[in-house]
Structures are given as C-alpha cells and as structure tokens.
Amino acid sequence: MTAALRLRGLVSLLFVLLVWETVSRLGIVPSRYFPGLAEIAAGAAEMIRNGELLAAEAMTLGRAVAGLVLATLIGIALAVLSDVSPFFERGFRTLTGLLQPIPPAAIVPLAIFGFGLGLKLYIFIIVMVTIWGPYLNGVAALRAVPVEQILNGRMMRMTPAQILWHIKLPAALPEIFAGIRYAAAVSLIAVVVSEMIAGRDGIGYLLVRKSFSIRIPETYALMFVTMVNGVLLAMLVNLGRRLLTGWHVKQMGYPA
Amino acid sequence: MQDGPILEARDLRKAFGAGAGRTTILDGISFSVREGDFVAVVGPSGCGKTTLLMALAGLQPADAGEVRFRGRQVLSPPQGLALVFQDYSRSLFPWKTALRNVTFAMRGPQGRAAKAARAEELLHAVGLGDALHKYPWQLSGGMQQRVAIARGLASESDLLLLDEPLAAVDAQTRADMQDLILDLAQRFRQTCLLVTHDVDEAVYMADKVVVLSKRPTRVATEITVGLGKARDQIATREHPDYLHARHEVLARIRAFRQPVAP
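Residue numbers (my numbering), protein chains in the order written: chain A, 1 to 256; chain B, 1 to 262.
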C-alpha cells in the first residue's frame, strides 16, 4: 500500500519531466528559452560546483522552516486564546479577514521599513501569511472537540488548563496539522518572493540574478529546486505529524 | 462509610428558556441511592434524564433543590463519582490505546506501573485482555463501550453513573453487556446508578427502579425489585417477581401520562 503510493508519486514526477522534455524537443518554443532536461541539469551542476546553489538553498530552507515553526506556534497560541475568550475570538476574526488576503509581496515594503533586510524581515513576512492555516484550523478543531471528552476531564476533576493540554489540544492536533501542511507551501512562496524582491541571498535572489543575466538553464533549475523544496518541507511536516499524531495517521490508513 | 444514602437528590428543578418559551424539564425530583445499590432511573425520551444526570454529577447545577453526595452538597464534580456516557465513540480518547484510556482515569498518586497493572486487570475483567494496545477506532462499538466501562471502574469511585450506556449497541451485545455490568458491579462492589429509557433493562438490572414521568418530569414511583443480586437473561425474565415489577413500572408510566395539577 505505502510502497505503491510512493511509486505513484514517482510516476507523476516522471510524467512532468517527460512532458517537459517532449515540449523542448518538439521545438514549439525556441530551445534557447525552453532548454531540455540535460541542459537544465548541467546548469544545476554548475551552480552546485561553484557553491551558489547549496548556500542559497540553506538560506531559503532555513528561513522557511524557522518562519513556519514560529507561525505554527503563534497560530496555535492564538487559536487557544480564541477558544478561551469569545471576546478575543470575535475581535480577531475581523482582523483575520483584513490581514489574510494580503499577498506576501505586498508586505515586503512594510517589512523592510520595519525590520531592515535581515532574517527578521523573512520571519515577519512568513508569519503574516502562514499563521492562518494553523490558526483557523485550530479554532475550528478546538471547538469541535466532543463535549463528552471535555466532561470526562471535568469528572476527573481536571483543571481547565489540564483539560486544554491533555484533552482539547491532542484532539485538535490532526486538523491543526492539515493547516500546517497548507502553511508550509505558503511559507516557501513567501520566502522566495521576498528574496526576489528584497533579498541579497537565497533561492529567490539567485533566481532573479540568473534570469536577469539570461542564464536560462540555471533559472529553470532554480524553479525546479523550489518544487523540490515544497516536497522536502512537506516531508518535514509529515514527520512531525507522525510523531505527534501517529494514531490519526494510522486511523486514516494512508501515508498522506 | 456513613449510614445515610451515598447520593441524595432533593426536589431538583430545572427549566430551560425564558418567557413564554420557558419549558420546565425537572419538576421536583427526589430519590436516593444507598451504598451497594444498583438503582435504575427509567423515563421516556425527552423527560430530562440527561439533565438530571448532569445535575447529579455536578456538571450543570439544577435551578433549585440540591444533590448530596456522601452528605456533601454537589456543586461541581465531586471526588468519588464517575460517569460513563452513552456515546462511547465520542467519550473515549481516540489518541490513546484502550490501556491508556483506562490509566488516564486514575488520578491517584500510584505509580505508572501500578496503574498499568490495574488497568490491565480491569480490561481483562471486561473481556478485552487481548485488545490492551488497540486504539478505540480499531474496536467494535460493544468493545469500545467495554473500554469506557473499564475506565469508569478505574477511578475506584463510590458511585458509578451510567448514562444509557447500552443505547447504541445491538440487541445481542446489549444482553451480554447487561450481564457484564451486573457481574462487574458485584465483583468490584460498585454502587451504580443506571439511567435508561428501557423498562425491561431497568427491571432486569436494578434493585430499585425510579420511574420518571413525562415532562414536566417528576418521580412517578419507586419500585423495589425483589429478585436478589443473581440475574439470568432467561430465568429472570420469566420470574414472577420480574414480571410483577415490570407490570408495576409500565402501569405507573401509563397512569402518569396526563400530569395532574398538584
């Protein structure tokens, strides 16, 4: 079951590469602007050789992971606060509606003015665009905890804090993780876009530099790297999900 | 232990809503449970059995009247009172195995190993010795309710409240579970208060049946079932005392259908 599903994932990747190569060879698009896989791979190899790629990759992934972790913790904390205080929930709901639609690129100028060009810039942008998944899912999941489970806690004479920690949070965790998975992809988008606009390093910055100097195979190679990053981050989130909500993964019966 | 009743409900009243839409649910409920008793509270659907149970457990107080547990007024869930819910699929913790669900209910200072050993013993007692490490969703409905019952026993409470624990299981499982609960109550000397809408179940299981009327709900009558502790699905249900008690309960429910003004 697991192996078959993994294989299917591999097959769809091969399919994408096959379509790319076919389009390239057919010459529908001038091959200068649409190089084949071999040329792209050579571009990637060159960037690995001179150290550019790994340095940029470390920056980008590091920022995405740090931002995602922080955004998740803040999102869950706000969800708990919303669950405890209906007053806060109602006020914050309006704020959610206002802040959630802001695209990462539109926050960049504000972030530069506020935080300069360092790590804080990226963390701020990622948090602003990624807390919504964990937050909104967290609020919904905490509200959906069966009342019987909470009453059980009360019959065991647990304090509200104990009920939150031992009953409500574990019950809500699977749905929170669904929000984190969504947030992971958004986090990568936010990092690369910020690097493209305001960066001095990272994959986004490298991508802009390569495309401005018309290094087309390298540009595409970097685009593929952003895809791989998505897979890497999803794997990381899944690892956390297995560690913390292994029971739910088993219950669902598939390696999502 | 003291001589008085372990649980006493005195003139409990509860209404929901306001103004013209105000509905009286409990209209003065009084009864008591003595140590060692198996008491069944039986009443029709919608008569406020769950409301009554919430008040008895201290989870949601009544508007008037009082509940006394071991002589003390109940305002919040007291120590020594456990509750098994009707909907096992919502009351068990799906992230804990059967064993962990049971040990979780042990809030005492005993060590982890002692708790696990006791939980194992209880799960064996409910017939789940080979499902200790299964998650609730890996078990059938009847097995899940057995876990919930083992968890109810685990807190070593002075009184176990059972809220229609068998309403969601099939007929055959239901009969088996009735006998299991009776057997466990005997073996662990567990005082029980069973709430059910099923007259046959109430008479079959209980030493005393508290019969509730329709809304606004009052105690229609209390009937002592003179069958002794040993019950049998075939013999008991044919026993004259069982049939007599059953007849009494049904007749009282019918007589109470039209509530008379006091």
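None of these hints come from the bench; they were simulated from the model. Keep in mind that a hint or two might mislead.
Listed next, the stretches of chain A that the computed footprint assigns to chain B, with coverage defined by at least 3 CB atoms under 8 Å from CB atoms of chain B [to be verified]:
(1) 23-31
(2) 164-176
(3) 242-252
Ideal Cβ placement from N, Cα and C applies to all residues, glycine included.
Going down the list of hints, with the structure as the test:
1. 23-31: Violated, because only 0 residues of the stretch 23-31 of chain A bring their Cβ atoms closer than 8 Å to Cβ atoms of chain B.
2. 164-176: Since 5 is at least three, the answer is holds.
3. 242-252: holds (count 5)
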